[in-house]
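Starting from the two chains in their separate frames, assemble the complex, guided by the hints.
Here the protein sequences come in this chain order: S and D. Just remember that our numbering sits 6 ahead of the position in the first sequence, which is counted from 1. Just remember that our numbering sits 4 ahead of the position in the second sequence, which is counted from 1.
Please keep in mind that the hints were generated in silico from the structure rather than gathered at the bench. The structure displayed is predicted, hence computed values, not measured ones. Using N, Cα and C, we set each Cβ at its ideal position, and we do this for glycine too. Heads up, a few of these hints could be off.
[To be verified] Derived pair list, reagent style DSBU-like, types lysine-lysine, alpha-carbon separation capped at 35 Å:
hint: 1; chain 1: S; residue 1: Lys290; chain 2: D; residue 2: Lys343
hint: 2; chain 1: S; residue 1: Lys138; chain 2: S; residue 2: Lys157
hint: 3; chain 1: D; residue 1: Lys351; chain 2: S; residue 2: Lys107
[Stated by the list, open to error] Here chain S is said to cover these stretches of chain D; the calculated rule only asks that three of the stretch's residues, wherever they fall, bring their Cβ under 8 Å from a Cβ of chain S:
hint: 4; segment: 51 to 64
hint: 5; segment: 292 to 306
hint: 6; segment: 355 to 368
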Amino acid sequence: MLTATRTLPDLDPICDKIAAGTRLDAADGAALLRSDDLPLLGELATVVRDRKNPDRVVTYIVDRNINPTNVCVARCSFCAFDRLPGDPEGYVLTHEQVFAKVDELLAVPGVDERLIARGGVQVLMQGGHHPKLGIEWYEQLFAALRARYPKLHVHGLSPSEILHVSKLSHLSLDEVVARLRAAGLNSIPGGGGEILVDRVRREIAPGKAMTDEWLEVMRVAHRHGMMTTATMMYGHVETQDERVEHLLRLRELQDESLAAGKGSFTAFICWPFQPGGSELDCPKSGANEFLRMNAVARLMLDNFPHQQTSFVTQGDKLGQLALFYGCDDFGGTMLEENVVSAAGTQCLITIGQIEHCIRAAGFEPMRRNMYYERVAA
Amino acid sequence: MTPVATSAAPEAAAPRHARGDDDEARLRAIEERVHAGERLAFDDGLFLMRTPALHRVGRLANWVREQRHGDRAYFVVNRHLNPTNFCVYDCKFCAFYRRANDPAGYRMSLDDVRRVVRDEFERELTEVHIVGGIDPKLPYAYFIDLLRVIKEERPDLHLKAWTMIEIEWFARISKKSIEEVLDDLLAAGLGSCPGGGVEVLSDRVHAAIFPDKLSPAQWLDTARRVQLHGVRMNATMLYGHIETDAELVTHMVRIRELQDETKGFMTFIPLAFHPANTELSHLPGPTGLLDLRTIAVSRLMVDNIDHLKTYWIMQGLGVAQVALRYGADDVDGTVVEEKITHDAGAKSPFGVTQGELVRLIREAGREPFRRDTTYSRLTPV
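Here chain D stands alone, though its shape is the one from the complex (with noise of 0.2 Å):
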């Protein structure tokens, strides 16, 4: 293993201290672009990450917020199903991954997996959110068999399944194109793409933390090819570990470039860092502060993607919910059964019933509203 340098990029890198008249120029300048409906440039971007003006930030991120969305805040009924935490890959911030032979390592049969989705899947979901490891010793028939055999049991469930790295993975074990594995996927039920494996869009980042895992630019190149074949998909950023404000900003840029292009992105997602168990679990991992300010900005510089994510197992129920005045219109769902980010030392509980989030929705003065994973049906609760 090659050492690399994994040391925490300070949230403060720049000093912050009382707000000058330089920056008051510069926000008001920012405010009267975005109040215009132009785009922010990547500097703009890197001003907000570090003003202390955090509520002045927020505060127009919520403008934007309540633009596309007035005060609704979207859930939805899902769940998570990790088949296998068996995974080749060597990523420094996951505390998921087993390696072949580990004993804490485990495998879901599909007969497991139709198990699963009769004994306690319950009725009212609507959607599950499929990811797992990179496990070589599963065939390629068994991530499209694991589709149809849900199928079977529920054809109403839409199936969020399979990050970029899996697509990917995919195509490579079964020699077929990325298209072709769409065109499986499809046909054994396959929703849409979640939006996981991004992690940081910079290849410095890339290179120190998760190097087995596609590029940037190959992922870029991977979720154009999907998006273009008809499948929509989200997109995330994780934030909090070794990442600077500009590889922050510039994924920000990257993902918006894409979605120009494509249009296929539902969904930005910023997720927080966990570092309990992993490689990096020397780093603090994000504070409150960061959180807040990584959705606002993300609403700000990501203007053409229609939700942004406050993902509540990571960022914290607390967070999630201040969140939604600082430009987040979505707060993920139930989810039940989260494994990933609970292996991580995630202390927010393992999944909420439907009542708690729109308890949360309606004290931050949000109005609840249950939704599709696509957001094409909106039901008002």
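The following block holds chain S by itself, in its conformation from the complex (with noise of 0.2 Å):
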């Protein structure tokens, strides 16, 4: 008889902490990365997954994605969607387009005053750095949404944007936050948090906000009373234990904007480096990886409510299937996704899809706003 020659760590002990709601230490998250057995992991992330939402729910979010710019002076290795200035592939978008690009959202079938009075409706904006907008541009452009469609939730500027153009417009973090509110911006995308460990950022992302530097504009907006996500991507330069450091400092970050009572992370979620079109040349990350990686993140980030699935990186059937791996949430319906799929990668479904994928795992499929307020009809 053939046994596994392989030797898996021990978890015993983790499986007793999680029963007993203990918070789990890096050398936890470590030895949980390492484990091959994929079904234990998923059924210690169920756990948690259960607890902090006990009915048999899954929400998700009606938006699209708009791109103000692909114009970056980042030059992160592994993005194919940025263009350096200059380059005639280089676009700015003007308010006729964004608007545009909104109305396209608002005649999705479905979407009607109800939901979006209610703040059902999201537009996710995230761009690249461009070298010459600053904040004057971004509080013309939420106030003229703003102005044109007073519900429709904004969700938009990820941390490195906004540290971008406080430099830019030489503002501190706390006056460009506090002027984006005040002219539309609804939330914060956690967007560009790749690996929250300054080795990494410096070989893939050098142009963009240090670890630090991520963290502080969160920490800011949290103060400031706005709710913003966190993301993870992961499969690319990056260590098991660097993986571990970014989920432990995002928990950290949670547990003081918790204890200040003001702003917090919703959700957060983690998909895989997509290769294709950028410099970064690694294999493409599989999917026991992305499982794993959604239910070692369940188990680590105890302090966040939500978790979402990628199914715009990994499809329907991987996507559905981190529902058993941790999450709750299928994310928003991404109208229009034109960074995964700049790097060759898009698995864009329909409302009907998502809905049936949620409903096939034995959950009800409802509509959220960023708030993860429910508000089907």
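Structural data, given as structure tokens:
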């Protein structure tokens, strides 16, 4: 009879901690990430997922991406979307072009005034670090959106973009966040989190916010009462320990923000680096790694209420399976997605397919707003 | 054409609520029986198809898998050859077949076959998987000679050719017995038979979506005769269309019963239905959950067939990798030139390299072994 030839980490003590609701430490995270026992990881993550989201519901939000510009000076090696200033393929959207994209979203079947009024329709605005677009440009854009679509939820400008604007306009992060918020920005996406370890960031994203800067933007936003999300892009040059460090840095800030009682992180979402079209050359991380990473994140991020699955990078089948590995949310409908698709990966599915995946997994699909309030008709 | 009910059987036929105490007791009882090497009953299979405890089912299936195969995961360097897509049968789940005179129809001459073998078959290839439509324009001799032509060019190749549907058709057009047909095929170089064409062993599903093909009883009878004649074969199961959980479990049990008798099945292969371009395109097709659950429950119920394959062409490379942790020990092969599932909208590649399969297996924490068709030569990679 054959036996397993590899020694797997002993997860029994970690199982006991999870059952007791005890916080896991870095060593626990590293052991979990080394485990090949995928069904066990799924079972453990499901314990925490169900504890945090006890009813049999999986949420999603009706949203679309709008990338206001692809001109970027950050020069991240993993990115296939960016264009340097002067590149003929560079663009900056006009207000009219942005409105046209919003109108497309509002024309989606099932989008009505009631859904909009409850914050259930969102635009996710993220783009390049444009060398000329300072605070005024974004203030004008958000003010124009607010005037034209008073109840549209604007989820926009990742921390690195906010930092870029603060440098370009010589303003403190406090001032930038306050002014953008006053102009109409509702919440901040966790894009550009990549791996929150400076060694990794210097290697793949030297032009973007470093770890402490990224976290500081989120800290400031939370202090201003804004809700934000957190992301992780894994599967490139980082080590397993650096993945754990990323999760711990997020967890620490969340502890701090929750204690302060104003804004905080609503959700975590992770996806693997998408090779193709970018300078960074490494093999595409697979399905098992996606499920394992989701499970470990759910277990480590014990103070995050929600976790989203990334069907855009994984497709509907694995997007659904992540619901058994800690996720309780299908994320946004992503009517248009340019960044991942620029790297050759695009797995867009319809609202009907999202709801089918959720139902077939034994959950009830519910639309939500950015605050995870259910906004179903 | 008679109207038939082809609405989907909901995947979550039974409400998937939080696990109750009864479920927990039942799961434990099943786990104990599997660990003790006892056979599961039909009711157990049905329970496993419906319990929300996916991971418990998966861990148990993985335990069985590791008992049999340790950390090994097998693949074969193979390719597909579909000599014709003309078909007189009208199966509602099929996007591959063409009627006579359809300009999209094709039929390879034996010269075409010889040229493909000479020009396109790689040296490392060890197996050709040969299935096609039921094409009345092709004479009996064609199906025999096709094997002979390939063997003339490449005597080293294992020819896994012709489903039970085709074997029975050959018997009809030649007015020979199944055994005589097999003798002709074996003399021409037949190595083994693929497991397709059985779909779901259910008279209801048969009448609704593949009434022209062999009935469940006829398929089982043909497979029995093939195996008793010394030819080894596989068994498939097409899931994710109109079938119920109970019909899938019945299929597993009937295959298991035949295997008790014949012992000639090498591999059990659940096939994920792909709806695009078929008469069932209104159905959504199976989700990832049903893919994994079907793999796991198959491993637990079909306890007398050595291997369980995750056919990545249909389940997708992602699910195939996960399936190596939910009971599967085989990922089929490099395939190359897959037509049937891609006509039905499959988004998987048409073929992959050995390197890609090896990486997929290693990333799942398994040890890749290149195999021949009958698992008699296993080479660690």
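Comparing the hints with the structure gives:
1. S:Lys290 to D:Lys343: Answer holds: S:Lys290 to D:Lys343 is near 26 Å, not above 35 Å.
2. S:Lys138 to S:Lys157: Holds, at roughly 29 Å.
3. D:Lys351 to S:Lys107: The given pair, whose Cα atoms are some 28 Å apart, holds under the 35 Å limit.
4. 51 to 64: With 6 residues close enough to chain S, the hint holds.
5. 292 to 306: Holds: 5 residues of the segment 292 to 306 of chain D have a Cβ under 8 Å from chain S.
6. 355 to 368: holds (count 4)
When the structure is compared with the earlier hints, no violation turns up for any of them.
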